[in-house]
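Chains as they are written, first to last, in this note's numbering: chain A, 1312 to 1654; chain B, 1312 to 1654.
Treat the hints with care, as some may be off.
All copies of an identical chain are treated as equivalent in the list; a pair is satisfied when it fits inside any one copy or across any two copies.
As the list claims (entries may be wrong) - Once the Cα atoms are required to be at most 25 Å apart in a straight line, the calculated DSS-like pairs of lysine-lysine come out as:
| hint | residue 1 | residue 2 |
| --- | --- | --- |
| 1 | K1469 | K1453 |
| 2 | K1652 | K1460 |
| 3 | K1453 | K1652 |
| 4 | K1460 | K1353 |
| 5 | K1652 | K1374 |
| 6 | K1353 | K1374 |
| 7 | K1453 | K1559 |
Everything labelled a hint here was simulated from the structure, so no lab data went into it.
Number of protein chains: 2
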Amino acid sequence: MNRLRPFVRTMSTSALPPSTIPLLTTVAEFRLWREAARRDNKSVGFVPTMGALHDGHMCLVRKSLAENDLTVMSIFVNPAQFAPHEDLATYPRTLPRDLEILTAESLSVSGDSTIRTASAVFLPSVREMYPSGIDQNVAAQKGTFLEVKGYGEQMEGKSRPTFFRGVATVVTKLFNAIEPNNAYFGQKDIQQCLILKRLCRDLLLSHPDPAHVHIVPTARDPTDNLALSSRNAYLSAEGRKIAPTLYKALKVAEQAWNDGQPKELCIAQATDIVRNVATLAKESDLEVRLDYIEFNESDSLEVLDRTRCLEVDSRPVILSGALWIGSTRLIDNIVLGDMAKLQ
Amino acid sequence: MNRLRPFVRTMSTSALPPSTIPLLTTVAEFRLWREAARRDNKSVGFVPTMGALHDGHMCLVRKSLAENDLTVMSIFVNPAQFAPHEDLATYPRTLPRDLEILTAESLSVSGDSTIRTASAVFLPSVREMYPSGIDQNVAAQKGTFLEVKGYGEQMEGKSRPTFFRGVATVVTKLFNAIEPNNAYFGQKDIQQCLILKRLCRDLLLSHPDPAHVHIVPTARDPTDNLALSSRNAYLSAEGRKIAPTLYKALKVAEQAWNDGQPKELCIAQATDIVRNVATLAKESDLEVRLDYIEFNESDSLEVLDRTRCLEVDSRPVILSGALWIGSTRLIDNIVLGDMAKLQ
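Isolated chain A (complex conformation):
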């Protein structure tokens, strides 16, 4: 517990930056806001974030603004989804700038004179989110935790074994606090999206129901297609130049797949792309290392064990990967098949 003290944001009202959007720091405060929205029969869209906002988050906000009367964003850096050796301490925290970016986002509703902006920001403390406390060491944890067994051990879970447990736990809490009609997540975290849909289905949740957990296509840098991510901020100028390699490798694998090549060859071609870049990077002392590139079924999330399975009526296949650039770990993915069939 004590080790987390430095990261518990002090959320007394006086410490909050000025904001025209209401900032709510406790569940009790938020419930009053939510109750009023319900009385007024307003739909609520929800965009959960860990802050350090970029245009990827704004894509989620824009979709929520378009599809709901009211939009709530949460900003909470969740200790439970960081392993003790990971970057909880250094994760970018940029609240004043986040609020500026969010405030600037607005949407004119056609056939309506009103302009929609985000209606509330939920900024809970660690204590508010974890009433029984939280320790990053899973073995020392006390209180209520969730796991989505069979879906969080592969892909990202293989490299980060307690990650989805932390995600499932905090998102369940956030869903219960916010009680949204719709929730928006970025495709970049595709396994997270699919696990959360399953969680809502398994838990018989109505806020949101699984069909209202929306997967929004990954936002990319328009110049080189790098997937937008708060962790891109960690990259050196050199690393930033190399970062688009992961998506390039995935696109090569996708092309090979569409050309009818077996999975192993698709992965081999993608791996070659990374290897060539890594060799060059090593000359300037930057370590580039592929964590994985893999094909997984989108329903079971199991590694695709057939050479070819994408058929017209089948569920999509997830082609995903993770790449280390120095000490920064980046992820990306491509959905092969019809996104609308993701469950």
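Could you slot chain B onto chain A? The hints should help.
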């Protein structure tokens, strides 16, 4: 999965017994009912059960009828809370009789001409409750499960290590399906009550909020104070005579405690009571064996490690035990201190 097939109650409407109380078998059906109740601004009390109703359940129903506009009972034998070697297959299933008992229960509301009875019974199938399937073998399970770490390993959890995981998981699902304002549980399962209060607090649940998880005093046989339990049905005539021994032993420990004796002596005196009965029972070939008698703090559920800790402003202490009579395991408990201080 296949091993559970025989226990999946077929819930097609034609298979249901006749009932004047609406029987709802799917979450979708129930949501319509719930939505209507919300529109009418009616409060909903919830009594989750595994059926095999007795007057203990009816005490919960009576309290719910008194405190809510509408009362919902669920009847669902939850596979996830039985270990593979436990009594899932033989657990008493008495639906037609359960519905008769529930229908007969009514309450005249003072200052109101209406007579309240239960308003709906939720009778989900295993598939409805576990959309990702359920295997009693924890290692083989897939899908979303909850654990309340640090509170489910002692007392009952020591003898039944996966029990509270199953309870936490199914009750979370039921709370999400029913969305009750109030929920009612019997004190006999005191650890379950306290874990569920913590679960609601940890998960920031509003339906119900932790203060609306109500602990109703254990209902007892008026002749010999045996705690009412569906598992009492397993007892032979001989076993039934011996069954009140557990409560007698707990009462002796309570008396010793109130006399100011240290915990160890209180437990020793209670154990003696059981030992004497066990010796007699052995003569008629009935094995009676004490599983445990223990004192636990009510907030942490940790074993009481002081000789004396009950002070005026402190939380209550739980004195609880489990007794085997042949192959039937009975539990009981006494709360030392102010029940209203249980959190």
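Tested hints:
1. K1469 with K1453: Both: 24 Å inside a copy, 17 Å across copies.
2. K1652 with K1460: within (22 Å within a copy, 36 Å between copies)
3. K1453 with K1652: Answer is between: at 21 Å across copies they meet the 25 Å cutoff, but 38 Å inside does not.
4. K1460 with K1353: So K1460 and K1353 fail the 25 Å test inside a copy (35 Å) and across (37 Å) alike.
5. K1652 with K1374: within (19 Å within a copy, 46 Å between copies)
6. K1353 with K1374: So K1353 and K1374 pass the 25 Å test inside one copy only (16 Å; across, 34 Å).
7. K1453 with K1559: Neither. Shortest intra-copy (43 Å) and inter-copy (34 Å) distances fail the 25 Å Cα cut-off.
Checked against the numbered hints listed earlier, the structure breaks hints 4, 7; every other hint is satisfied.
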